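J.: Chain order of the listed sequences is A and B. Mapped onto this note's numbering, the consecutive letters of the first sequence carry residue numbers 1 to 67. Mapped onto this note's numbering, the consecutive letters of the second sequence carry residue numbers 1 to 493.
Don't read these hints as lab results, they were simulated from the structure. Keep in mind that a hint or two might mislead.
These stretches of chain A come out as covered by chain B in the derived footprint (C-beta under 8 Å, 3 or more residues) [as the list claims (entries may be wrong)]:
| no. | stretch |
| --- | --- |
| 1 | 7 to 19 |
| 2 | 51 to 60 |
Restraint-style ranges between C-beta atoms, simulated for each label pair [said to hold, decoys possible]:
| no. | chain 1 | residue 1 | chain 2 | residue 2 | range |
| --- | --- | --- | --- | --- | --- |
| 3 | B | D204 | A | I51 | 25 to 35 Å |
| 4 | A | E27 | B | F142 | 51 to 61 Å |
| 5 | B | E8 | A | K17 | 32 to 42 Å |
Owing to the predicted nature of the structure, the values given are computational and were not obtained by experimental measurement. Idealized CB from N, CA, C, for every residue including glycine.
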Amino acid sequence: MIRVKDNGALLFYIAKKDQEDEIASVEKDTETEWGGEVELTDGSKYYIDPISPPPTFPTTLRFKRAE
Amino acid sequence: MSVMTREETEALIQEVLEVYPEGAKKDRAKHLTVNDHEVEQSKKCITSNRKSLPGVMTIRGCAYAGSKGVVWGPIKDMIHISHGPVGCGQYSRAGRRNYYVGTTGVNTFGTMNFTSDFQEKDIVFGGDKKLAKIMTEIEQLFPLNKGITVQSECPIGLIGDDIEAVSKKTAKEIEKPVVPVRCEGFRGVSQSLGHHIANDAVRDWVLHNRDNDSSFESTDYDVTIIGDYNIGGDAWSSRTLLEEMGLRVIAQWSGDGTLAEMENTPKAKLNLLHCYRSMNYISRHMEEKYGIPWMEYNFFGPTKIEESLRKIAAFFDETIQANAEKVIEKYKAEYDAVIAKYRPRLEGKKVMLYVGGLRPRHIIGAYEDLGMEVVGTGYEFAHNDDYDRTIKDMGNATLIYDDVTGYEFEEFVKKIKPDLIGSGIKEKYIFQKMGIPFRQMHSWDYSGPYHGYDGFAIFARDMDMTLNNPCWSKIQAPWLKGEEEPEAAAAGA
Ligand code: SF4
Chain A
1 MIRVKDNGAL LFYIAKKDQE DEIASVEKDT ETEWGGEVEL TDGSKYYIDP ISPPPTFPTT
61 LRFKRAE
Chain B
1 MSVMTREETE ALIQEVLEVY PEGAKKDRAK HLTVNDHEVE QSKKCITSNR KSLPGVMTIR
61 GCAYAGSKGV VWGPIKDMIH ISHGPVGCGQ YSRAGRRNYY VGTTGVNTFG TMNFTSDFQE
121 KDIVFGGDKK LAKIMTEIEQ LFPLNKGITV QSECPIGLIG DDIEAVSKKT AKEIEKPVVP
181 VRCEGFRGVS QSLGHHIAND AVRDWVLHNR DNDSSFESTD YDVTIIGDYN IGGDAWSSRT
241 LLEEMGLRVI AQWSGDGTLA EMENTPKAKL NLLHCYRSMN YISRHMEEKY GIPWMEYNFF
301 GPTKIEESLR KIAAFFDETI QANAEKVIEK YKAEYDAVIA KYRPRLEGKK VMLYVGGLRP
361 RHIIGAYEDL GMEVVGTGYE FAHNDDYDRT IKDMGNATLI YDDVTGYEFE EFVKKIKPDL
421 IGSGIKEKYI FQKMGIPFRQ MHSWDYSGPY HGYDGFAIFA RDMDMTLNNP CWSKIQAPWL
481 KGEEEPEAAA AGA
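Using the sequences plus the hints, can you model the full thing?
T.: This is the structure:
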């Protein structure tokens, strides 16, 4: 699940692992699409096919682990 | 002993780790750290939520404890069956002191123990029939129950009983919610997964029950208290403050809570989350599904209460904000008097904590209000996100320990020589026998409440009563007195 934190950053929460981390960078974050490779502040990376139009948060999305 | 420097604390950790064999040493080293405000992310310095090492004394509980004991147990008008052998439920019965109002055995069932009391034959032939029979019996004997939950103990998962099917069938028969919870003790590394499983069960079986029912009239000022288990009345002393602000508390999760309150929670405007660890899951879910924002708050000690009240008020209009100021103003004289009375008696004392979900960081403010200092803290079952939050609250270069073992805790205490330790019943007598004042911070040592302004007065009194108790100078036998330095004797070295 992804939600907006108090400080405006996006928080990435993986229910299965009970892991909570901020998103450090998103490959594609434009007016029209959101997604691609997502890097968390702990260095791990996940991938999702870019979604357009960009999703509104909070929401739950299915990511794949990226190398 | 004065406050330790970073080097000293690091040296202490190394010294304590010395006795472990190589493998264990490497593993435990990851769970102990010196607090560093520079670190943004706790996972750089501490590992948490990992399986405890076999052979060390851990103080954790099991997933069943997390679900039955913590999350579901306090829902007072439901009957929670400890499904499996009798011990799990009986030995933990009423141990958490979740206060509630109601007539036990008639319309509330909080302190009672319901169990399917598995015998050999149930393990061999399965316990589904027995479960169905018990539920029908419960319905006859306690017709005022609002629903039943089935809290699985270890054997249920092992023998593969289908409690979901039985629950569905019975729910139809008795026309009440029956919630199967797959919280077998062997799941996960601690009670933490039990919280998660319990939250998921609420999500799947309860929360949406009244989605199409608009008979409950909500107002713009509806809030809920989530993750307050009403230990010694905590939720009540929190609730009064919110109500004085002009908010309406429509649900308490789960201390003194009811099934109807849980079902109505999606109608709230704001979820107030006290114990983040055990209820963040359901709060996230409600944020996503119903668009209800949630915020963490802290009602320990006037400084934090003030901060939290303002933060809560900021979600609402100006009247509420003005009211929040009025509430703070109203209690000012009261808590100033408490501080004036106890601070001189407690000033400068050092405290070490080792508790569960939120208290290792939440209580720090209350101690600081009394001029005391927390020099070490740790969680039984926290995750990294909890430590992220803790780093800010703790002083620099203080000690942080995750899932501390009995041995480590004792050694730390011997070296740091705190004036007070706050932890649970399992640690209490060890430290008392070492001659160190001790408070149980799970059950408030049969006192409480500690939340809210009213709670703070009790908190301060209890700390003073324990710390300045004359008994601590009587720990040593009279005929041994004078042989040793009294200082060393007091520390129980
Ligand atoms: S670990 Fe299993 S047997 Fe032990 S208390 Fe928990 S549920 Fe019961």
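J.: Take the hints in turn and mark each one as holding or not.
T.: Against the structure, the hints:
| no. | hint | result |
| --- | --- | --- |
| 1 | 7 to 19 | holds (count 4) |
| 2 | 51 to 60 | holds (count 3) |
| 3 | B:D204 <-> A:I51: 25 to 35 Å | 27 Å, holds |
| 4 | A:E27 <-> B:F142: 51 to 61 Å | 57 Å, holds |
| 5 | B:E8 <-> A:K17: 32 to 42 Å | 36 Å, holds |
Taken one by one, the earlier hints all hold for this structure without exception.
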